[in-house]
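Same order as they appear, the protein sequences are chains A and B. Using the working numbering, the letters of the first sequence correspond one by one to residues 11 to 266. Using the working numbering, the letters of the second sequence correspond one by one to residues 301 to 614.
Derived by calculation from the structure, the hints in this document are not laboratory data. Since this is a predicted model, take the numbers as computed values, not measurements. Treat each hint with caution, since some may be false.
[What the hints assert, rightly or not] A few chain B residues that don't get close to chain A, going by computed Cβ distances all over 12 Å:
no., residue
1, G335
2, I384
3, Q453
4, E501
5, H582
[Claimed, not checked] Calculated cross-link-like contacts (lysine-lysine; reagent style DSSO-like; alpha-carbon spacing at most 27 Å):
no., chain 1, residue 1, chain 2, residue 2
6, A, K21, B, K408
7, B, K436, B, K408
8, A, K21, B, K436
[Said to hold, decoys possible] Per label pair, the in silico range of CB-to-CB distance:
no., chain 1, residue 1, chain 2, residue 2, range
9, B, V307, A, T238, 54 to 60 Å
10, B, T390, A, M135, 35 to 41 Å
11, B, R318, A, D260, 17 to 23 Å
12, A, M135, B, D329, 57 to 63 Å
13, A, F85, B, R318, 49 to 55 Å
14, A, A134, B, D329, 42 to 48 Å
15, A, A217, B, D329, 40 to 46 Å
16, B, R477, A, A130, 46 to 52 Å
17, B, D329, A, L28, 46 to 52 Å
C-beta atoms are modelled at their ideal positions from N, C-alpha and C, and glycine is treated no differently.
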Amino acid sequence: MIFTIAAKELKGLFASPLAWVVLTCAQVVLGYSFLRRLDDFLQVEPRLIRMASPPGITELVAIPTFATAAAMLLFAVPLLAMRLIAEERRNQTMVFLMSAPVSVTDIVLGKFVGLVAFLALMVAMVAFMPLTLAHGAALDYGLLASVTLGLTLLAAAFAAVGLYVSSLTAHPLVAAIGAFATLLGMLLVGDTASDSLRARNWHVPAALAQVLSPLRNFEPLGKGIVDTHAVACLLLLTAAFLALAIRQLDARRLTG
Amino acid sequence: MPSEVPVATIQARGLTRRFGAHTAVSGLDLDLNRGEVLGFLGPNGAGKTTTMQMLTGNLAPTAGSIAICGIDLLAAPVAAKARIGYLPETPPLYRELTVDEYLLLAAKLHRIPPARRAAAIGIAKQRCGLADAGGKLLGTLSRGFQQRAGIAQAIIHNPDVVILDEPTVGLDPNQIREIRGLIRELGGAYSVILSTHILPEVETVCDRVQILHLGNIVYSDTIAALKQSHDGRTVMLGLHRPPGVDALARIPGVVDVRQMSPTLFQVCFEAEADATARLAAHVARHDWGLYQIAPARASIEEVFVHLTRREEDN
């Protein structure tokens, strides 16, 4: 049932120009970013060779591109997630799903899986670019795998936040703005909050702040360190917002 | 598939729904049996849509219980909803899907086994007159075809209970006849709740009628009983040379006389056989110029207006 709803969401995404426009713009921007960095790398390369242990092409070209991709996700995911529930409410099609013999959990997870499948496509597009260099350069595949995992988990976390905010309203645009504001808030707060809280020995609020700062958890994965703590925090963030979305849909049934 | 055993397909007791301080529905009891078409009427704002949303699991009741084919809707919602087909006032269509894709989605969501999906879609399309419209996008269809697609998704899984909210709105007369025929057919095999404002539709299609007003059921009866209760008791009398209303009221057996026009009177009798013959004889003897004597049928519209207007006056 989850995959039925996920397939429906994917079909809906690709039926409108939105998905195609987002993919195209992402590819153009990230492609440009990648090629610029590659160019810079090639210019710096003679000096790098003389260093003791020079950073490789993966670290200097691929990782910054992935960082740009993470920033792009910050904009793209709210726009893609806004229609998940808010638009169904506006078009009066939510009744179709709520009357069917599917649980609210199935509905929310199905929509989440559909969106993550689309975002995985975007991540694959980003990951494919450094792979095109495989023929002529020595790529650090471990680092690439780690950063791809990080970007996927980040996309999933953003998607969960977007889905939750979409469940709060019947206006897709309000959902997009709300999701963007939430993600931006997490971004701004998260960087130093958990450090300063930990410094004061407030460990529980520090842990909470850590979970709520997805970009901070993306960092170690971007360096090639598959920090299980960071991975767990990202998964926890995703699960928390999905649970909130399920509760929100259920609450709508109770309060009308 | 329709289950074999329970005769009572819906049993709702004491349904209440409050939105903050406003009570939309209070203490509503509703019964539906297999093979019945129930006409669910009421003025706008009476609570019909709220009740139907509660019966289909879209809204949780503040109090009360709902059992679909014996399954408690609140305790086992997935099992109960599998037995219901619902067409809300606005058909829930995904404009970017084609008719076939949409009905396939409906088939999957309603748990039709993969082997039977194609056949179920074919039958639903054929019943609703969509056989040629399979490849068309829902967003490009006319209002009538969209309505038909909405009905198709409600019946595709052969539910025990079909709940239709104003299914013939926006259809042309041919389509209306087809849909009414379909509703009668569905009522025979399963059970249908039909909510509509088109009162003649209720008289021709439904077996029972319930009128809802301000959240309460104010009238509940079978159509047959409604038609019988006034047969032989009320006659429309047309006289060329009528006497006063008093003279007519003094005829033995007459309970009430109402003047409809200068020459037309509605005369009510006590329940008795052969009253018409006696009235005709009496009129002929007094030479009042009888030109019409016909049974007056109480219509749903009169009952509706009478009950809902009276409540407003109170």
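- Was E501 (chain B) rightly flagged as not at the interface, with every chain A Cβ beyond 12 Å? holds (23 Å)
- Message: Confirm or reject: Q453 (chain B) is not an interface residue toward chain A, with every Cβ-Cβ distance exceeding 12 Å.
- Response: Nearest chain A Cβ is 7 Å from Q453 (chain B), so the label is violated.
- Outcome for the supplied range 42 to 48 Å, where the beta carbon pair is A134 (chain A) and D329 (chain B): violated (57 Å)
- Query: Taking the beta carbons of R318 (chain B) and D260 (chain A), is their distance inside 17 to 23 Å?
  - Reply: The hinted range 17 to 23 Å holds for R318 (chain B) and D260 (chain A), with Cβ atoms some 18 Å apart.
- Is the hinted pair K21 (chain A) and K436 (chain B) satisfied, with a Cα-Cα distance of at most 27 Å? holds (16 Å)
- Satisfaction of the hinted span 46 to 52 Å by the C-beta atoms belonging to R477 (chain B) and A130 (chain A): Since R477 (chain B) and A130 (chain A) have Cβ atoms about 51 Å apart, the given range 46 to 52 Å holds.
- Task: Examine each Cβ of chain A, and state whether all of them lie more than 12 Å from the Cβ of I384 (chain B).
- Result: About 7 Å separates I384 (chain B) from the closest Cβ of chain A, which leaves it inside 12 Å; violated.
- Could you tell me whether the CB distance from D329 (chain B) to L28 (chain A) stays inside 46 to 52 Å? 48 Å Cβ-Cβ, so the 46 to 52 Å window holds.
- Item | C-beta pair T390 (chain B), M135 (chain A): status relative to the range 35 to 41 Å that was hinted | Taking Cβ atoms as reference, T390 (chain B) and M135 (chain A) lie about 38 Å apart, which means the hint holds.
- Query: Do the alpha carbons of K436 (chain B) and K408 (chain B) lie within 27 Å of each other, as the hint requires?
  - Reply: Answer holds: K436 (chain B) to K408 (chain B) is near 20 Å, not above 27 Å.
- Message: I want to verify a distance hint. Is the separation of the beta carbons of F85 (chain A) and R318 (chain B) within 49 to 55 Å?
- Response: violated (42 Å)
- Message: Taking the Cβ atom of A217 (chain A) and the Cβ atom of D329 (chain B), is their distance within the range 40 to 46 Å?
- Response: violated (53 Å)
Checked against the numbered hints above, the structure breaks hints 2, 3, 13, 14 and 15 and satisfies the rest.
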